[in-house]
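Participant: Listed below, chain by chain, are the residues.
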Amino acid sequence: MVSHLRQRPSSVRMIDEPLKPDLVLVLTYLVISAIGLLMVYSATAPRLEARGLDPAAELRSQAIWVVLGFIVFAVASTINLVELKGFTGPIYIGAVFLLVLVFPLGESDGIAQRWIDLGRIQFQPSEFAKIAVILMIASVLSAASTPLKWHVVARVIAVVGVPIALIFFQPDLGTSLVFAFVTLAMLFVGGATMRQLGFLFVATVIATVGVFQLDVIEDYQVTRLTAFLDAESQSLDVVYNQVQSEIAIGSGGLFGKGLFEGTQTNLQFVPVQSSDFIFTAVGEQFGFIGSVIVIGLFGLMLFRLLMIASRARSRFAFLVTSGIAAMIGFHVFVNIGMTIRIMPVTGLPLPFMSAGGTVFVALSAALGLAHSAWIRRNSPVGSD
Amino acid sequence: MTNPSRLGVVGVFFAVLLSVLGLRLWSMQVTNANAYEERAANQQVKVVNTPAPRGDIISADGVKLAGTRSALAIVVDLALIDEDDIPALAENLAAFLDESASDIVEQLSGSNRGAQVRIATDISSSQATFILEHRDDFPGVAVIPQPVRTYPLGDLAAHVLGYIGRPNEEDLLRDDVKPNDFVGRAGVERSYDVVLQGAEGIIQYQVDARRKVLSLSAEAPPTSGNSLVLTIDSKLQAQLQDSLRDGLIQARSLEMKERDVELSETTRTQRIEDALVEARAEALEILAEELEEQTSDLGVDDNDVEPDVGPVTVDVAKVLGPLSPLLPIDSNGVCVPVQRVSIPIEGTGILSGVQQRVVRFESVRAEGDDFVATISLSGERSNVKRNGWVDEAREVLQVLHVSEDEIILLHKDRWCPVRATGVVIDPNDGSVLAMSSFPTYDPTVFVDGLSDDQWATLSTVSAFQNFAVQGQYAPASTFKVVPYVLALEESYYPIDRGSGDKVIDVAEDDSEEVQQLPLLSDTDGYFCGGEFRFPLNDGTFQTKRDWKWPGSLGVLDLHGALEASCDLYFWDLALRLWHERFDDSGIDKENLLQSWARSFGFGTSTGIDLPFERSGLIPDSTWFKDEQRKGTGRVRPDGGWVGGDLMDIAVGQGAVLVTPLQLANGFAAMVNGGTVWKPRVVSQVIDSEGNVVETNPRAIVSRVNLDERTVRLLLQDLQQVVNNQKRGTARGAFKNFGPNVELVGGKTGTGEIIKNDERFRQVDDALFVGVAPINRPKWVVSVIIERGGFGGEVAAPVARQVLQFLLNGPESVTVLAPGLAAD
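These protein sequence lines are chains G and P, in that order.
According to my numbering, the residues represented by the first sequence are 1 to 384, in order.
According to my numbering, the residues represented by the second sequence are 1 to 823, in order.
These are computed hints drawn from the structure, not numbers from a lab.
Check before you lean on any hint, since a few could be wrong.
[Claimed, not checked] Residues from chain P shown here face chain G by an in silico Cβ test under 7 Å; the list is partial:
1. Arg-6
2. Phe-14
3. Leu-17
4. Leu-18
5. Leu-21
6. Gly-22
7. Arg-24
8. Gln-29
9. Val-30
10. Ala-33
11. Tyr-36
12. Arg-39
13. Gln-44
14. Asp-208
15. Ala-209
[As the list claims (entries may be wrong)] Pairwise CB distance ranges (calculated):
16. P:Ala-101 to G:Phe-169: 46 to 56 Å
17. G:Thr-204 to P:Ser-5: 20 to 30 Å
18. G:Thr-204 to P:Ala-88: 35 to 45 Å
19. P:Ser-5 to G:Thr-78: 25 to 35 Å
20. G:Pro-147 to P:Leu-23: 30 to 40 Å
21. G:Phe-169 to P:Ser-27: 30 to 40 Å
22. G:Thr-78 to P:Leu-23: 35 to 45 Å
23. P:Ser-5 to G:Val-75: 27 to 37 Å
All values reported here derive from a predicted model rather than from experimental measurement.
For each residue, glycine too, the CB sits at the ideal point set by N, CA and C.
Next up, chain P with everything else stripped away, as it sits in the complex (with noise of 0.2 Å):
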């Protein structure tokens, strides 16, 4: 026989290997059982979310802008058919919505298996009916009620309300956000998407390890969102809307007009002529220069050399701009900003302009990841790539997109009049009344899904954006009231220049050793002529030029500088600013005016209760600093921080940039007595039976301590600006106001964009702020029409609408006419 003990080592060995599976058992099944439970359970269900309908939004005055229908949706259940069913149903599927069936193929058997997807999302009731009658052509299918978001009025307070879309990435991130769900993606609906989202219904289901549903396990209804009531009145909104509207286009057709002026016989002598002058004076300037130069080094008198500076030749054909009817047109032969050109290959496309011109597309070639394209302009054949210019010397025509079977062209006209963008606040409390910018859109097209022309078409003329927070805009003219307020409150005038020419030449004054003595009170008068020479920091000069020039506004003191917009009066306050930057005053006098315009809430975000808000900027000295040092391009690169770019604060001009809400809550902040209120477009939350659930309550971001006689003053003359019938720059746009004119105060401003240069002439920004009632402010109205000309020419008649409105009701309303064509 053989070892019995060694039987034993393998009876022990048997144990052992036992013993080993029943401690491994003991850790599952004791020890870590409940996260097997918990495994086990959620592979065992399928969890189907039913939305929540969003929650309204509700004007001031009770008018549904925003709601929820419900609306019938076809799904299918890929828990509920084979794998081998899907073309078929496929067919059947593609037949009944006039669809094609491979897409439909596609999206089903792309989706996980035990999915629902969904095919189509507002089907008629007529339409469910036959699917509900047909079901054995459509196993699997079923119609289930699927909120649609509404717009009741359209494009009625688009930018404050926003849209809704699919998530992105950072939208993902939130917990209560999945892929296929519906989120705010601008405006209202964005920054409030979690009140007015609402919980998800949830349908839980009992499924086997084919996904395959057996039974349901659990069910929860959708909770829908809380309602939003705006601060926003809806009538006033409406003709904010429509006077933005016909302020556009009344600066279209202003700008026609220059245009054909521009093109007449007459006009076409006068430029070339004004261009002669302008070049033979440069020349003798630069030939003095040059004889200085030698006469100081000869000695010899200066007086005994007569300058000659030959014949003085211009480019006649730049003169000319001959740019003007190439630009695009729309049916009614008005400037558009934009035209969107596509063409097929080997097609032709047509360019609108009062010359018309003919685009073809010859041909396409690859070149790496780009394609070069062949067009050919008029007969003038080109090599254009994405994002090239067609005509590079006049920048008009540009490639948007080329492929191999499609050209996209952008027709440009970058000095037709773009946009209007209005505001409304209360100064008493920061709510916003109305807002909106032209052109808008209808927040329902991004519910149906846009199209791919209409997305073009309305993204290349940034309808979507909110401009009244989210553009920025040289304040220009209307930014006067802050060293306005400056000069009151600091007792700190320009100057005394004495009553001169035309021109005051501080560089002058200097070679004379005048005693410089600033003006005393905001009384005493100042010479406001047309041209102001000053020295720089390196001793050359600078030359600015008021808006007046070459005529003049004669003399002047602080509240007539302010009602007629004398840009000298603040350039000699800003330069007196800088010349007294480093005296023993113990203040920082280099940013004093920054630091006034900063406590009425210029160059920080409001902190609206809508997204994406801008904060404008308020240069200091500090950053014009760091803007040269970094080379950003945005200021000159060297030779410091100067004078005249204090000179250019002062006026709204050089790098200042405001938002159209800042504009008004700046202006509100004034004419309050100096609290700066963070302006609000929602003043309560609601749930669905009414019941107020949060308020928004008014909120102060901060007081500045102004004189009750600064306020009262500036009151007066902003009074004056709207009904001094001499020197008021706007009072032209409110000459035919009706009752109650005098209580209505504003400023205007222009705001220099565009530089003339040999394509075109300069173009720029119309602004206009009103207040109203002057006794005692409810409304502060900002309008700037981008591109539009002057702002009392074409900003202010819009705001003479807007206030019509609101002091003298609908009826009152005159029609649209332009103003005088004042700064």
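Bound conformation, chain G alone (with noise of 0.2 Å):
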């Protein structure tokens, strides 16, 4: 299969047009990262004030991973997507054996065990594996011819099987869920056959409601995930949250109560809100135009990612490109969907905005890479 993208010969390419970053996209993530440290320093501010700490400190360490995800998106833009295909077995064998290390290591953080301990900073490994798993499963289809075979299909499901299971047990089910979530979309894009995809629909969803049923996860995660269909009851500690975030939210009105002038903020009445909620801070502050610009930034960012990916010049640039879109557009959505109550509270941050290291580095390098197939669109193929 031919595409029209690669009319012209690459050799004239090369040498007539320098390496154009994708400026909407580049934009639309510097907005993005900025408006998310002003939210975390208005979230953070109120509550380090109020037990007699600088109220910058929070604002301060993130900014720090910030600019540390700046430049790896930075060094990630300049990969060459081909080059790396080649090294997509031994980044997948590493984040595996991340992922294994937080099995019997890692540090217990209240129930949940996601992270490793280097001293002064904390790692959470899944956050790059999501990133290994997505190069992985490129690799694997686009030396697959469409439509798919079962037994690629099957190979996709080993390499995200391994994985998920880590993680499932770690336990983290919203990360679980991303996997399947992307592996879904990318096998869509990458030809498998409307069978295929149904019969791993239907998979999912009955390994989902396998779980629950056989008391595979604990029950704090089970009311987790079902607290947000009933809230009125809200003895729940987790149904607390997601009340106060709805009321921060909609107590926001049209146009918000202005900046630093939200009351649920300043008062501290929505819990982790700089990192989970921090969309709470959003709505809140900046009504729903604000919120509806954040949630526009993100569209355009998505439609950037599948603009990028239909003018991909090779079909792993594509699928990678692809499944990053899927990535950051499940993340949005669910995180998005927590704070206002139409989805469960899954732990899922906010691309760009939460407060948090890892996560915010490895949606960069994530952004970088598909960012790479922009600036080379129009390179040569070479050994695809």
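Build the complex from these two chains, which are given one at a time in their own frames, with help from the hints.
Facilitator: Here you go:
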């Protein structure tokens, strides 16, 4: 199958056009990150101040991560995906190895184990595993002819199955669902037949139901996942989070209460606001208008990612970019959906906005890889 | 490459997902924003209410009976301290207030975070200063002003005032009442609670998610409640209370004298003889009936048979009334209605009495939810449970409470005068000028908090209840004014029985087929003998005896019958109503007497502005039949409603019940010419500046059309009850009244409440209703002394003192002395 994208001779392109960044993508990324920093500050300053601490402390540490993320993004933008393809195997194995490390060694964070403690900073291997899996699946699928054979689908499932199993027992249901969604999306654009997709969809549903039914996961997780359906029974802490989040956003109204004027935010009614519930800061302070602008920015980012995918010069790059778009889109929907109580509490962060180092850096890397596909959209294919 | 159109599908899919977010946000932030804003605002404030001072209660003569003073309370604001500081703070407070630290810890940690917890209510100003000077030792502690109810004159008019306390479930249904408020629980404190309450002040704080106070956001001071002006005159009230107390004490000492007489040797002999005579008479009667059956069967002339009942025996122990020496007495040797004895396990208690007894609480064991206690009384051992009697036969010692370590016994004297209740009203507008019942209480005890002991002492004698409106009594002979008015208004008099023997035997009259003609006027004489025998529905006979029996009052007309309180006259009148109940007059004679009683307000609540008023009871034919059908045990189970029942009603006995207030109000209606007023204790509501906010004007309940002559004659005869030196039943009590005694009228009554049995003799309630000045009545006084004895002897002297006070002034009140032992 030959794409219309490769009509012009690649040699001409290489000579004629310098490596041009996708300004729209870069700008959305920067604006969202900047809004994210502002929101983290507005959500954390009152809390820190109340405890007599430096109100900018959290902002400062997050800003370091953001700067680091920018660098990673810039570096990743220069990576030649064709060259990277050769390393997908080792990257994948390395990621799985890190997940195995978390398995027995992980620091217990409340109840869930997701972190590796590296002295001063904590590292969340599952964030990088997402990228490794996307690369690995893209690698498998790019080598296969379409429509996909069943054995290819089986290999993809094997590739994603190992990290899902490891992450699931951390346990981190949200990330497992990210893997499932990304895999389905990549198989879909990668040329799987509707029958294969239907089979996988049913299998995923059965597996999810089975998990609930067989008591594989802890009760608290079930509670977290189902609590949003009945938020009026406010006795549960989980429900309290979501109800407070909903009140914060709802009370923002059309135009919001104004920056630093959010009463729910300032009075610390929303727990873990700077990380999982950062969108409440947007909703309360900037209201419907601000919320829609932020969602619009994400929409623009996703639109650009899909655009890049459609112009990718190789099937590998196409699949990687699609996978990254699927991953970011899923995070955005599930996270914001959680804060407005149409999705369960899964602990998925809002990309580029939630406070948290690993997440920001990992997603920046992913976005950078997609960006590199744009920059090199006209480069020669090489040994594809 | 792959399928780019599938990429478009993914794009559309994301567009849909993001639109879903947008729509949900629209519904939250645009459509329902107000609801969310409200929820946010509500959880961000903390409201502290500052109590409003209650309004005052002022007597008609301007004396403050209930007021409010500002006290200092200690509160701990949990929002201002950390949980870890609680133990240390509790320790300091405990040392300062001399209380237990663990109690304070419990109070503090049992409350919501951010709540203000009241630790002490009424501290001295030096204590307050100490706290303020040692802020560091008392973190989060504030001293705040707190209104406290005061009753400057103690127990004066306590039953009218009532008391305040924490709200019960029913009170909490009111919008304006919260669990920590004080609400009126009795008296005008209760019935006018909304008026007295005022409006709470509000202090509103901004708080964070941890309920920590950040700033003051709004403040509104409390508005004090409005004040009540009563119709009660404080001096008259004081006189009534003194007289009631003295009256009860006098009744008790008279009771003790009677018991002394009973215990004397001559009385013993006399009582045994009386009992023997009675037993013989009973046996004879039975024998006579048997013989009559036999003779009528055999056709033998009954004169030939000599009745012989043989030797008759009586139980001497029972006849002698061995009970009196065992009944409880106080330190003066006077009877008390109840003595509460609490005994720890394996301890002993003393039962007071002429013969003191020792009770020992030996052991206790659980039986189901109950405890069974083993106690020994004067060496005799028995097992008892809660509410059981230690002495079944005598019913003197009852178990109130048993637990593992304590038993509480009630040592009861059910024959000792227990209570004196009195009401003074103005018959021209229904104003209550004084109202009291003794034993009484000081409402302040409810403000300070009542100790268990205080509560037990006062509640075992029902001191908190206002018996003037809650007590229901047989009105006895005071009720004779009702058939009296009926007789005059309807020109309806009893049958002329001639002037025969001591005994009126209606059966004999019947058998001789004498034409039964009624008396023709109120001045026609009637022979008021001592005994009245009449047939019942089923052909059997009933005998009723006048209070004067075995004496006789001689020939009396209607006026004399009222003045001397002749039962027979009114019984016969009722019996005539009974016999004519099916005649063709078109009048419901079966219920004529009752409808006259009702027209003066008997049988229904008067509607006074006091809580818990009871309605009394005027039983009619329907009531009797209903009670019999339901088998309530208040009337005979069978045989229907008989003439005897109607006769009982005529003299205020049987099932008739009235409250002391109804009695005064009914008399008021008769003497004022027929106007039934709605009694009231509050005349005005005024605000804190003294401006009248509301008036409670006099109100008519109903009007009875009374002939002017009826009223005039009634007043005349009431005056004679007091002033007729030959036969007036209250003449003894008013002997030393001083000037203006001729302006006084009244009616005595003696209500039989406990019939004599083998344990004790008959016990009566003593009643008196006084009216003055008789030419133009301004006051009606009703007095009831529960288990007091004769109305003329015990109740009338109490009313006499009150009327002396009213007619001749405070200095003219003479020492209380018993009147004549007359009904």
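Participant: Against this structure, judge whether each hint is valid.
Facilitator: Hints, verified against the model:
A cut of 7 Å between beta carbons decides the hint on Arg-6 (chain P): the least distance to chain G is about 5 Å, and the hint holds. Given the 7 Å rule on beta carbons, the hint for Phe-14 (chain P) holds: about 5 Å separates it from the nearest Cβ of chain G. Checking Leu-17 (chain P) against chain G by beta carbon gives a least distance of about 4 Å; that is within 7 Å, so the hint holds. Interface restraint check: Leu-18 (chain P) against chain G, minimum CB-CB distance 5 Å, threshold 7 Å, status holds.
Evaluation of the Leu-21 (chain P) hint against chain G yields a held restraint, the C-beta minimum of about 5 Å falling below 7 Å. Contact between Gly-22 (chain P) and chain G, as hinted, is supported at the beta carbon level, the nearest pair being about 6 Å apart and thus within 7 Å. With a cut of 7 Å, the hint placing Arg-24 (chain P) at the interface with chain G holds, because the nearest CB-to-CB distance is about 5 Å. For Gln-29 (chain P), the interface hint holds, the least distance from its beta-carbon to any beta-carbon of chain G being 4 Å, beneath 7 Å.
Satisfaction of the interface hint for Val-30 (chain P) is found here, the shortest Cβ-Cβ separation to chain G being roughly 6 Å, below the 7 Å cut-off. A cut of 7 Å between beta carbons decides the hint on Ala-33 (chain P): the least distance to chain G is about 4 Å, and the hint holds. For the restraint placing Tyr-36 (chain P) at the interface with chain G, the shortest Cβ-Cβ distance is roughly 3 Å, inside the 7 Å limit, so the hint holds. Hint on Arg-39 (chain P) holds. Least Cβ distance to chain G is approximately 5 Å, under the 7 Å limit.
At a threshold of 7 Å, the smallest CB-CB gap from Gln-44 (chain P) to chain G is about 6 Å, leaving the interface hint in force. Because the smallest distance between the Cβ of Asp-208 (chain P) and any Cβ of chain G comes to about 4 Å, under 7 Å, the interface hint for this residue holds. With a least beta-carbon distance of about 4 Å to chain G, the hint placing Ala-209 (chain P) at the interface is held under the 7 Å criterion. Distance hint for Ala-101 (chain P) and Phe-169 (chain G): a CB-CB separation of about 50 Å, consistent with the stated range 46 to 56 Å.
Thr-204 (chain G) and Ser-5 (chain P) have their C-beta atoms about 24 Å apart, which keeps the hinted 20 to 30 Å range intact. Judged by the Cβ atoms, the range 35 to 45 Å given for Thr-204 (chain G) and Ala-88 (chain P) is violated: they are separated by roughly 57 Å. About 31 Å separates the C-beta atoms of Ser-5 (chain P) and Thr-78 (chain G), a value consistent with the hinted range of 25 to 35 Å. Judged by the Cβ atoms, the range 30 to 40 Å given for Pro-147 (chain G) and Leu-23 (chain P) holds: they are separated by roughly 36 Å.
For the pair Phe-169 (chain G) and Ser-27 (chain P), the supplied restraint of 30 to 40 Å holds, since their beta-carbon distance comes to about 38 Å. Between Thr-78 (chain G) and Leu-23 (chain P) the beta carbon distance is about 40 Å. The supplied range of 35 to 45 Å therefore holds. In this structure the supplied range 27 to 37 Å holds for Ser-5 (chain P) paired with Val-75 (chain G), their Cβ-Cβ distance being about 34 Å.
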